[in-house]
Each structure stands twice: as structure tokens, then as C-alpha cells.
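J.: For chain H, the structure is supplied; the task is to place chain X with the ligands on it using the hints.
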Amino acid sequence: MKGFVFNIQRFSINDGPGIRTTVFVKGCNLRCRWCHNPESISPKQEIQYFPEKCVMCGKCMEVCPTGAHFINHFGEKVFDRSKCNCCGLCVQNCLYDALIQVGSYMEADEVIETVKKDIEYYRNSGGGVTFSGGEPMLQKEFVKEVFDRTKALGIHNALDTAANVPWGDLEYVLPSVDLVLLDLKAMDSAVHQQATGVPNERILENAVKLSQKEVDIIVRIPVVPGINDTEGNMNKTAEFIKDFKRLARVELLPYHDMGVDKYSSLGKSANEAVFETPSREKMEKLAACFSKHNIAVCVE
Amino acid sequence: MLPKRIEQSIEKWFDKDYRATFYERIEYLVESEHRYEKLSYAVRYGKTLEYTLDRISLPIEAEEKLIGSVKEIIPTDEQKEIAEKLSKEWWEIAPEEIQKKILWFYSYGWLKRRPPWFYSFGHLALDWEGIIQKGLAGYITEAEAKAVETSVKEDEKKASFIEGATICYRAISKYIQRYAAQAKFEAEKCNDPGRKAELLKIAESCAHISEKPARSFYEAIQLIWLIVLPLMKVCGCGVFNLSRMDQYLYPFFKADMESGVLTEQEALELIEEFYNKNNDIMTPTDHMSQELDATKYTIEVAYDDPNYLTLGGLLKGDKPGVNELSYLFVEAAHHMKLRNPFIVVRYYKGIDRKFWLKVCDAIRDNATIVVYNDITMIPALKAYGVEEEDVYSYGFYGCNDPNLPAQEGGLRQLWFNLARPLELALNQGEYPMAPKGDKPLSETQYSLEDRMIGLMTGPYYGIKTADVESIHGVDDLLELYRQQVRFLLEDYRKAIEKDIALEAEYNAGRMRIEDCFLQGTIDNAKTWNDGGTKYHKITVQGSGLASVIDSLAAVEELVFKNKEMTLKELVHILNQNFEGSEFLQVRLNRKMPKFGNDIQWVDELGKKVVDIFCDEVARVNSSKYLYTFYPTLSSDRDFTTMGKYVGATPDGRFAGDKLSENQSPTEGSDVNGLTALLNSVARLPFNRITGGPLNIKVHPSAVKGNNGLEMFATLLQTFFDKGGLQVQINVVSKEQLLDAQRNPNRYKNLCVRVTGYSAYFIQMGKKAQDELINRTENK
Ligand code: SF4
Ligand code: SF4
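Chains as they are written, first to last, in the numbering used here: chain H, 1 to 300; chain X, 1 to 779.
Read the hints as simulated data drawn from the structure, not as lab findings.
Below, computed lysine-lysine pairings styled on DSS-like, alpha-carbon distance capped at 25 Å: (1) X:K534 x X:K382; (2) H:K285 x X:K704; (3) H:K117 x X:K722; (4) H:K117 x X:K608.
Every beta carbon over 10 Å from chain H, so not counted as near; a handful from chain X, in silico: (5) Q8; (6) E11; (7) Q79; (8) A137; (9) Q177; (10) K201; (11) E204; (12) L262; (13) Y431; (14) G520; (15) S622; (16) Y627; (17) N743; (18) E771.
All C-beta atoms, glycine included, are put in the ideal place defined by N, C-alpha and C.
Chain H extracted, bound-state conformation:
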């Protein structure tokens, strides 16, 4: 079966324990304002364009069936997305990586072949494979197939999810999951709605159900100034998760602006996505909200 994947990152050491391979799937049902993977949001193929890499060789203009690439009367090379149907021809012909197609339909086999390449590294480091996104749970059949098979190979499976899906979907993949990286953004539903476009009730319900299953949980919280970076929010989160029986730890991930450049390459504006990076002290302070409940916490 095929999945819709936009990146497979090897030697990944921040998506669960050990050395891992992270499979990023495309398509998400949240719209977090700070998203640093804007290419993961849309469930469709997209073309990224990096004008600074373009050498004006003209190949894309030659091959594009819809005339989406052209030189305007200022002599500038333009990519008019409204004309593009994502056929990918220009990408294949751009030798300078100025055009990149985001998202490809991959067979589970193909993904597993790549994952298997680093199996010794997983074994020696306690690592494995992580599904991330986007929202992997939107492709539950694909995730399940890959996970079932990697599990059979003795590989540790981690699922990075926002859990904004029907509980049955989670339950469906869970038997092959060793670890859930559970993303919790905000405890107040109104805040959550405002920041991600969806309320958090279902997420929290799922979180509680997950905590009753035989699966390890790492709670990950992106810390975004002005959105969820209050001690109040962190205290509430701590209260909420403190009795999760297989909670391994909490990871606080400070907002960084490394994803900002990607917005323009997708023809999107990054204005909404720019925040300050929280200070070290701030992060430590927020971390303390968890340690006082004896919850292991680390700041990335």
C-alpha cells in the first residue's frame, strides 16, 4: 500500500530514543500558527521554488506544459503557481535544485527498505523508526502496514501524533506502536482552537485513553511565546499527565524560526508564523512546572 511521504530523515536523534529514521508524511488536520514544516500541511503535492538557486537556464520554461514558468518584462524568472498542475516535469529538468517536488507516493516496501538500512544503528543505540508529519494518523492504513512489518523485524516503533483523530484509529495502529510522541499544544480549548484551528477535547480524551494502554508516552510541547508559554498552561498540563502510568518524560521544544524560509518557497506568507524564540531561562522556568510534579522533563 502507498503512503504520501515528504521526507525520510536518517540519523534522527530528536524523535524518540536512540538513532532513528523519521518518516514524515504529508497532510495535517491542525493548522498550528507556528508550524515549521509548512510543506507538511497540505495533503497534495506541491512545488517548492528557491529563486536564489535558479541560474535561469530556461529548462523549466521549455518543458512546462502550462507555461507556469516564464521571464517577466523586468527580466525576472517567475513561477506562477496558479497555472501549475504539479505534473513535476519542471522539477525533473531543473538541475540546480531550484525546483523541488514535495510529497511522493511511496510503497510501504520502499519505506521499509530505507528504514532497514540503519538497523544496526537502532540496535546499538536503542533507536528505531518514527512516523511524524503532518499527521501520520491521517494515513493509518499505511502507518499500520509499515509498523507491523518493522515490528516483525524487531525495530522500535514511535508514532508522533497530535491525536486529533477518532480513538478507534489510534487503537487500530497501537498494537505495533512502542512509543507515542504525543504533541500537546495548549490545555485551554479556546486557546487551542485559536492557535491550531481545532479545539482540544478529543485530543485530551485520546491522551487519557492512551495513558491506559501498554505503550510508552513522551509528551512534547512546542513552546510558542504569546500562545502557550505560560506557567499556568504548563502547570495544567503537568496536572493532566502526572498520573499517566507509562509517561517517559516531557520534552519542551522552544519555537525556532528555521521553518520560515520554507513558506515563501511554497508561495505562502510566513508573517503569521514568526514568533520570538523563548529564552533559556524561560524554558527552564516552564520545565520546573513539571519537575515539581516529579515528571522527567527535558528542554531541547
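T.: Leaving out everything else, chain X with the ligands in the frame of chain H:
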């Protein structure tokens, strides 16, 4: 924490004037040049050494516990001129004349400070263990016993070698005695009672080790330094392999610790002083950056040669070699992060995790530590005839050449340009950049200079192989490649054997100081050149590997898989240097499958190339030759020079452009991350390859924190368990390096791994700096 005095000494070195020269050496060489002219070579060598060592100054720095320095001055213009004139007198002669004096000399720059009657190479390990265990008196006794043997007495060359060696031992012994006297003298003048006692102790110890074996950890290190120092700075031995210091010093360390005369802290400080001494005698420059003022100026001998030392590794019977001293040596390297010494840690399966983490921690902090793998090195060395009883002692000297301590005599190497036979295979043995046409092949393709220096420069032609029109797959092309490799290696063997015969004629009995401290030389009353030691090796360094692999992969993809053009057509385009095929050039360069991305079929082409190389090297080895060729994969920094002589290649490389570097993928072509890179490299058949570096640049963010360290350590461990050979790592970001170029003063001590040596980044030339900046950055 580094003791203050050492910290200050390092600081001082960073500000050292590059003109600072140990001028006394030149002065006494001039004085003694004609004095001993009439004597045999070996005796003259010994007398020259004695004359110099009897006279040079004996500085002792404040507070230091390990003594031994030379006096440096800034030479006047006149003095500088004298030195330059000497070099010219000595060596501005025809290559044929040079050859009669010296068979191998690495580079003209390297040669010019070494007089024909008093030259040394270094690039080997002395019998350090023998030195500290037997003492100089032990050597003298052995030589004296040898001198009276009839076979020696009756052979003029042998007799004079033994006589010369004895003079050398005595000269060094006297030098150490003089240092003892100097320490005593300074003690008497000293008002500080603490220092006075220290100096007296130093004096007593030096007096003892001037003849006798070392009695303590301190005396062992002190004796080694007082031999290393004059051998490097007076004789011009560059790049020693100090070999396994954590092993041969261990009995002293253990005894001292047990009897309570030494603490770990004291041992650590002595090691740090020893490192500092190594660093301190260098000229602040980078010899590979010829364009630098400092490199152009220097009249110093062995002026920036780092010494190698080995830690860890297996012991005979596959027992683990890491001990308490190994930890201290790593710790000192981590504290200091100097470019000299260059430390090789030998990995083995099951190496103590704590030690391994300590090593990786030092590496991620940019200490000068590289790792070699016993799992592949031991079988590789055995494959070329190293015996079980000797193989465990292996180490390296610069740059990354394998070495059996005390059992072989020094640097001889050929950089075998792996891209040349490919070009020849594609062109039926013709060299398109300067076609030979119908002229017959000359007797050898290796000019005398190429043989003496080891680089393949200018045109090289091959034998006529089948036209590429007649081949149907990459394996056919590889067969042609094999024939060209064979031709070039057979040619080299034939040519070098003639040279060696010539050497036997002209250089017999030409003793160098190295011969005095090797195993077998005195016993057999034969210098290394004459066959005194057990092993004789020439490293044949395969260079430009990834350029060749990527070329083959491109041929496979474009010609045999996609059938976009015939190989003949491609060759034609290459011979036009892509003129009119610019689009194809970019495609070949950027869009073809490349080595370093964990693409199995591409990597397997790499394995085939290396197998061919090793097969053919092995084919030209034989017990009838004194010298065995050892294949390595190492271009050093000469991949730029080597590229100059290679036409356009199917990997989209233009004619004359640089080749790929050492074991690395072509610059910027490994894009799948560290594990992919390491998996690709580990597919090469390293159990047949005896050395060579894999340079990796890692972004600091990838190894930060405890978790980062654990993962980094596991990453490397897994690579070695999978059969990787070596890694040397720079943990530094592109931004940091660019910033260092702009603000050199803030980065004085940023020490980076270059190829077989380290350099302080800001002391490197712009070109070398840029090379480093452009290496793929792994996040
Ligand atoms: S093909 Fe790529 S480099 Fe060429 S004009 Fe188009 S975008 Fe620019
Ligand atoms: S993807 Fe296809 S339609 Fe879109 S710009 Fe490229 S060539 Fe044109």
C-alpha cells in the same frame, strides 16, 4: 584544568613569530661541513651530530618539569641568506644526481633543509620501548659487541655503520648529560627552594637516563623527549610515530602508582607537558599551504611535522589494550586540543564504553584524535605479510601511513591516481590531454621525479585496450580498468626496483640516525636501506576513489541503463571537456547516483574498484622484492594537484578539476546524512586496505548534550563494527569557519583535522580553509 604554566606556554606559541628559527643547527652544520668530509658516510654522520649536540644551547623554561628545548632566534637577513644558499649548493643539481644521494624525498621544500651528508626522513617509529628499557648504554654495549664480530670487522660498510651508530649513541648520551649539568647549575642559582629541589631531581634523573634505563614514569617520558627533540630539530626526522605510549609506559606508571611516588594528576601533567613540547617546537604555519608567508619563509627543518601516537587497540592474543594511562592520554588531548601530537585511538570490538565515550567527547570538542579500526586493520596488514607476532603493534605516521614500530625504516610512498587508469581505459590507453599518437611507450611512465616524490604528474599513457565500442556493461569497463591499473603498477614496480638497485649501489652504508634505534639494524649490521629491518614497505595510496566510482555509476546509468548515448559518444564529449554539452555536464555532476548515499549498487562499484586496486597491488608484490607495496586509500591534500592531470570524467568533473578527497564522497554529493555516508564507506573492502582517512564534518548541533554524545559514540561504533576503517572529524559549523576567516584573532586555537595532520585553522592558507568550509556539513 590545564596547569597555568602550560596554558601560558601555549598562548606564547600562538603568538610566536614564524621567523623564529633554531639557528644553531644551521651554524654548526656549516662549521662541521668540511671538518669530517674525509670520513665514511656513517662516521661523518655521527661526528656531525656529535659536533652539534656538544654545542647547542640547553634552555630550561621556568617551572617546567619536563625539560628539553632549543634556542630560537629571528635570523638576520644575512643568516637567512646563508641558509638559502646552502640549500641551493646542496640540492640544485640534476635529479639523477639527487637520486644517487637520496632515493625518496617527498618534496623539494622538504629536501632543501637536509644536507646530503646528514639527512633523515623520520616518518617511522623508533624502538621507544627498547630505548627506555635498555637505555643508551644498552645500545652502546650491543654495538660494541657487534663491532668485534669478524663478519662486521671485515666488511667496511658494516664496520663503519656500527662505528657511526656508536658515535651517535654517545653523542646523545653526552647531550643528556649536559642537560643534567645545566639543570644542576640552574638549581644552584635558584632561590626558590621548591624549584631548586625540582631542578635537582631533574638533574639527577637526566644524569641517570643519559646512560641507563628509565626507572620511573617521569624518566621514561623525559628520555623519550630528549631523544625526539634532537632527532627532529637537529637531524630533521619529521613525523615520528611515537607508537603505543599507553602500553610501553604502562609498567612504569603502574609501578610508580603502586609505590605511591606518582599520582594520576602528576602523570596527567607530565603527559600535558609532553604534548606541549611537541607543539612548541613547530613553526606556526601549515606546510601544505605553500602560498603562506610563513611557509615560504621558514628555514627550519621538520618545521610543522606532527608526531603520531597510538592509544588503545588490541594486544597480542586479542586482549583489550585500554588501560588507565589510555584515559589520561585522551584527557590531556581533550584539555589541550593541540595540533601536535596527532592521536590515533585504535577501536576494537567491545572497547570499554566509558573510554569510548571519553574519546568521542574529546573528538566532538575538536581534540586532535582520529580513530582506526583494529577489526579491519589487523587482517589488512596480515594480507600484506605482517606476521601475527608483529601486527598488534601497528600505528601510523603522517599522513595516515601504516607503520610497524621499530621494524621498518620510513616514508616511501606513491600516490596512485585511481582516475588515471579510468581515463586510459576509456581511451584505449591514450591520454587525451596530450595525445601520444603512434609513438611507442617509453620505458616507464614514471619520471624520475615522480618516483622520488611519489606524485604522478604530467602525461601517463597506458596499454592499448579494447575500444569502448565493444563493451556492453560496466563490468566490461572495469575489466579494461583492471588492465590499465595492472599496467601502471607493473610499470611502477619495474621502475622502482631499478631505483632500489641503484640505491643499493650508491647508498649502501649510508646511515641515518633512524638506523640506530630500529630493531634488526644493529643486529644485522645493516641500515634499513640495506635490508636491516624485518619489514620494508612502500605505501601505494589510491587517490580519487569517489571520482572513479561516480564516473562508473554515471556510465551505468546514462549509457547502459538509460541508453541515452553510447559510451563512445560520452567519451567524445569528455574529450571536448563538455564543450557544447553543458547541460549534460551539470546533469552528470548533480543528478546521477553518487557514492556516499547508501545506494547499494553504486557502493558495490566502489568495492569492485578497490578490489581491483588491491588485487593488482598484491600481484606486483613478491618475496623476491625487498619492498612490499601496501595499498591505502588516501590522497592527502594532493587531490587538487592530481586532478590537474586528469581530463574530464563521466561524473561531470571538468578536465583539470580536483579529484575526490581521501575516502570521502565527491564534495557535496552525499546528501542522505551520516548513517548513509558511513554505510556507503563501510561497503569498501577495508580488510585489504592498510590506511587512509575519512574526513567528516559534523555540525555542533548534531552532537550536543549527553544524548548527542551517546548517539555520536554509537554511530561511530556501529560504523566500525560494520567494517569502516577510519574517521577524523571536525565538529564545526560553516558559520563558525566563515567567522574565523573574518575574525582570526578570536579563533587562534581552533584546531582542525586536514588530512593526515591537524592545523590551526587561521594558520592555514585561504585555499585550504575554503576546502574545509566546502566539505559537506552533516547535521
Ligand atoms: S530549470 Fe531551474 S535553474 Fe533553470 S530556469 Fe528553471 S528554475 Fe531556474
Ligand atoms: S509542475 Fe508541471 S505544470 Fe507545474 S510548473 Fe512544473 S512543469 Fe509546469
